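*Asks:* Next come the chains, spelled out residue by residue.
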Amino acid sequence: EAAVTQSPRNKVAVTGGKVTLSCNQTNNHNNMYWYRQDTGHGLRLIHYSYGAGSTEKGDIPDGYKASRPSQENFSLILELATPSQTSVYFCASGETGGYAEQFFGPGTRLTVL
Amino acid sequence: QQKVQQSPESLSVPEGGMASLNCTSSDRNFQYFWWYRQHSGEGPKALMSIFSDGDKKEGRFTAHLNKASLHVSLHIRDSQPSDSALYFCAARSGGSNAKLTFGKGTKLSVKS
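Those sequence lines, one after another, are chains A and U. In terms of my numbering, the first sequence opens at residue 1 and continues consecutively. In terms of my numbering, the second sequence opens at residue 1 and continues consecutively.
None of these hints come from the bench; they were simulated from the model. On a predicted model such as this, the values are computed, not experimentally measured, just so you know. Glycine included, each C-beta is placed from N, C-alpha and C at the ideal position. Mixed in with the good hints there might be a few duds.
Said to hold, decoys possible - Chain A stretches covered by chain U per the calculated footprint, using a threshold of three residues with CB under 8 angstroms from any CB of chain U:
id, segment
1, 65 to 75
2, 89 to 99
3, 102 to 109
Same shape as in the complex, but just chain A (with noise of 0.2 angstroms):
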């Protein structure tokens, strides 16, 4: 079974401050994807990536800046966070491809004060 992890698992931020969220993926998945989840609106993709150095805005990009160093790390930083940020972050990895399927990490709670 594919293997993803992220860490903070919670964190607390203050407003104006800066936040990075990790992901590791061990099972040599070339796209990593950083989505959130909020109720009422399901999933979103923040941004993701097809390999070490890449990196593409998703459908709600705004606010947030994402790295991959390397094949198996995927960071999502907020360099200026809001309480609008507040939400629970979920890190996937998963091939190319449409029959591909995602495999998803088990969140990190960020709460924005």
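We have chain A; now place chain U onto it with these hints.
*Replies:* Using the frame of chain A, we list chain U on its own:
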């Protein structure tokens, strides 16, 4: 406009009953459809995929796809309390596109 719409928003069925979840997409480029399940406090996990018109059965779960109407459904027979979860429909277009588009989810409660 939400490209993947799910109904109902929530559903309650008795243990042993049949649960039916629906999903309609508005993008005719979508070719690959998935159902994901998320138990409380966990990340979503793929439950079933369906890529061709017709039915696909896996144990108590049956998915149905009608590409002409862009409609996907998931039927769970003999529902168990452990099936209580949030169910997402997801769709992807063809080619090398890596993006999955998710619906807002259906919350299923199975009452014992």
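*Asks:* Taking the numbered hints from earlier one at a time, note which ones the structure violates and give those numbers from smallest to largest.
*Replies:* Hint 1 is the one this structure does not satisfy, whereas the remaining hints hold.
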